[in-house]
Amino acid sequence: MSDDFDVIVVGGGGAGLAAAVSAAEQGATVLLFESETELGGSTQLSAGLFTAAGTSVQRGLGVEDSAEKFFQHYMDLNQWMLAPGLIRTFCENAAPTLEWLIELGVEIPAVVSANAHQPGLCQAGVEDVWRGHVPKDQGYGLVQVLDKARRVHGVEAILNTRVQKLIEEDGRVVGVVADDIEVRAAAVVVASGGFAQDPDLVDRYYPAANNAGDSLFVVAAPGSRGDHLRVGRAVDAAVTGDGWGLMLPTVYFQRFHHWQSGFPPKSRLYVNQDGRRFMDEDASYAVSTGIIEAQGGYAWMIFDEKARVNLAPGYADWTPERIADEVAGGRTFSAGSLAELAEQIRVPVDALDATVTRWNDQLPAGVDSDFLRHRTLRNKGSDANPDPISEAPFYAAQILPAELVCTHAGLEIDGNAAVVDVRGRPIPGLFAAGEAGAGILGLRYVGGGNAVANALTMGRIAGRNAAKAAQGPHPS
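Okay, so the sequence shown: first residue is 1 according to the numbering used here, each after it adds one.
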């Protein structure tokens with residue numbers, strides 16, 4: 001069969017849509033396969049936060065930033081365990097990709113945002129310069145804008161069709177097999193997402209997620225089944241990022257991302273197994289998971305009756321009634337005094353009492369000299385100080401890294417988003433992006449918007465370079 005298309009894109013999430021649109025902008029004929037019944041993938045389920053440096057949004061707020069500063073922060077946070085050349089490429093292209101999205105119709109106003117759901121510029125992680133760009137209409141809005149561009153460029157999307165394997169001839173990828181049908185192209189972009197929905201692959205490539213036991217829950221899109229690893233294995237593609245991924249700390253009974261589960265009370269503190277406070281309870285998830293893991297894998301969230309009864313109604317998990325049910329079931333601990341609570345959770349009574357006393361002396365007064373949580377609250381737009389933890393009964397619920405968001409092991413790519421083989425050589429005709437194209441999401445997730453920025457930035461690069469590859473002689 002002769003070539004039907006210049007570029008085939010496997011996966012219709014954010015990375016796949018960015019790849020398809022950018023390839024089509026270069027004049028390539030593009031076909032997109034999506035395994036699910038709709039486009040969007042995990043990007044559509046996200047807040048759409050996009051991390052970038054040196055953007056028009058930052059400049060509109062008088063924020064001075066650069067790709068070089070972004071690169072330095074990114075590498076330092078990841079302990080320089082990532083390929084510097086690849087990370088520099090990402091950091092240099094993130095802002096241009098954001099501007100491209102704005103040109104396509106994504107709205108990100110130049111205003112200060114207090115959280116990942118308020119359009120504007122917010123603090124993404126532990127960066128010294130804010131880089132979290134929150135779009136209007138969240139991840140759904142990003143997908144809608146990209147999908148509109150896909151339709152404008154005439155890119156056909158085949159839904160509910162799972163790619164089974166890559167076609168390789170003479171060392172070059174020349175198409176795919178989908179529903180047992182061969183479809184050929186000059187280049188293929190694999191953007192099929194991660195593997196969080198495949199327990200066997202989690203066991204193999206991210207076993208740390210299983211430390212959560214029965215508390216583990218997955219928020220990745222249903223199509224995150226590791227197809228990139230399966231198709232890549234057959235063409236000798238290298239895999240990198242083994243053992244890395246993003247787990248968010250949640251209370252043990254949570255089963256949905258926070259906009260469905262609700263939020264724990266502001267007046268809460270975390271203590272370790274010695275009954276001592278050890279962190280800012282609102283620390284960015286760029287670092288919070290690692291902090292809790294260092295305390296033996298879990299901690300205790302302490303709050304009081306006033307905090308419980310004032311939880312907002314209408315959520316799935318964090319409601320007054322749900323807490324009462326958990327207590328009745330013996331899963332959340334409750335006691336009429338801190339001394340009784342300490343005995344129930346087996347921490348030293350005097351340590352827990354001293355910890356709560358110090359917390360009550362500081363946080364309700366708007367200061368936190370130990371962990372500086374007052375700064376974090378202010379950056380999140382929270383002006384009211386927490387109430388004291390003083391009204392019996394008192395509660396303790398286990399908090400641990402239990403929400404599996406994304407996986408970082410995938411096909412190793414270079415700065416062109418080309419997949420490399422186990423010898424480190426680019427595989428002709430094969431590109432990857434998003435969770436499928438690994439090497440950017442690393443040991444430490446730099447903060448909100450890291451995955452979306454990676455998906456769309458490298459997806460755009462992959463699509464552009466796949467189109468260029470298609471301009472050369474096509475394989476016979």
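Some hints here could point you the wrong way.
As the list claims (entries may be wrong) - Here are the simulated DSS-like pairs of lysine-lysine, each with C-alpha atoms no more than 25 Å apart in a straight line: (1) K306 / K266; (2) K380 / K266; (3) K380 / K306; (4) K165 / K468; (5) K69 / K266; (6) K136 / K380; (7) K468 / K148; (8) K148 / K165.
These are calculated hints, taken from the structure and not from any lab test.
Please read these numbers as outputs of a predicted model, since none were measured by experiment.
These are the hints, each one checked on the structure:
1. K306 / K266: holds (11 Å)
2. K380 / K266: Satisfied, since the Cα-Cα distance of roughly 12 Å is no more than 25 Å.
3. K380 / K306: Since the Cα atoms of K380 and K306 sit roughly 22 Å apart, the hinted pair holds (cutoff 25 Å).
4. K165 / K468: Distance ~23 Å between K165 and K468 Cα, so the pair holds.
5. K69 / K266: The hint is violated at about 33 Å.
6. K136 / K380: Holds, at roughly 18 Å.
7. K468 / K148: The given pair, whose Cα atoms are some 23 Å apart, holds under the 25 Å limit.
8. K148 / K165: violated (28 Å)
The structure fails to meet hints 5 and 8 from the earlier list, while all remaining hints are met.
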